[in-house]
Amino acid sequence: MATRNGLKSYQLTNYPIPVTSLIVEDIDDGVKIPELSSGSFSRTLAGSKPARNVFRCSSSSSIDNNNSRNTSMLLQARDMYDKQQWLSAFRSITPMNK
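Per this note's numbering, the sequence shown starts with residue 1471, numbered consecutively.
Please note that the accuracy of each hint is not assured.
Here are the simulated DSBU-like cross-link-like pairs (lysine-lysine), alpha carbons at most 35 Å apart as the crow flies [unchecked claim]: (1) Lys1553 to Lys1502; (2) Lys1553 to Lys1478; (3) Lys1502 to Lys1478.
Because the hints were derived from the structure by calculation, they are not lab data.
Construct all of the structure, not just a fragment, from the sequences and the given hints.
Structure (structure tokens):
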């Protein structure tokens, strides 16, 4: 948890997302995710195995983010239990989107 300008944020990257702008999306296992077709994350999840235990964090406000920064990130938990723990923590501070 980080605080900037009096706003609480979960700092997942160098550019934290304010809690008031945080959107967390639970992604079903096996769903094709366009972001996985390129970048370092694609090497981790590439191949015949479907993506599992993945969720997306993004910002609902362009004011909070510089346009040159990526405002959405995919996170992968090690297992379903770990994913549910993360989603439960996020759910306690913000409404979930699906």
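Hint by hint, work out which the structure violates, then give me just those numbers in ascending order.
-> Hint check: nothing fails, all pass.
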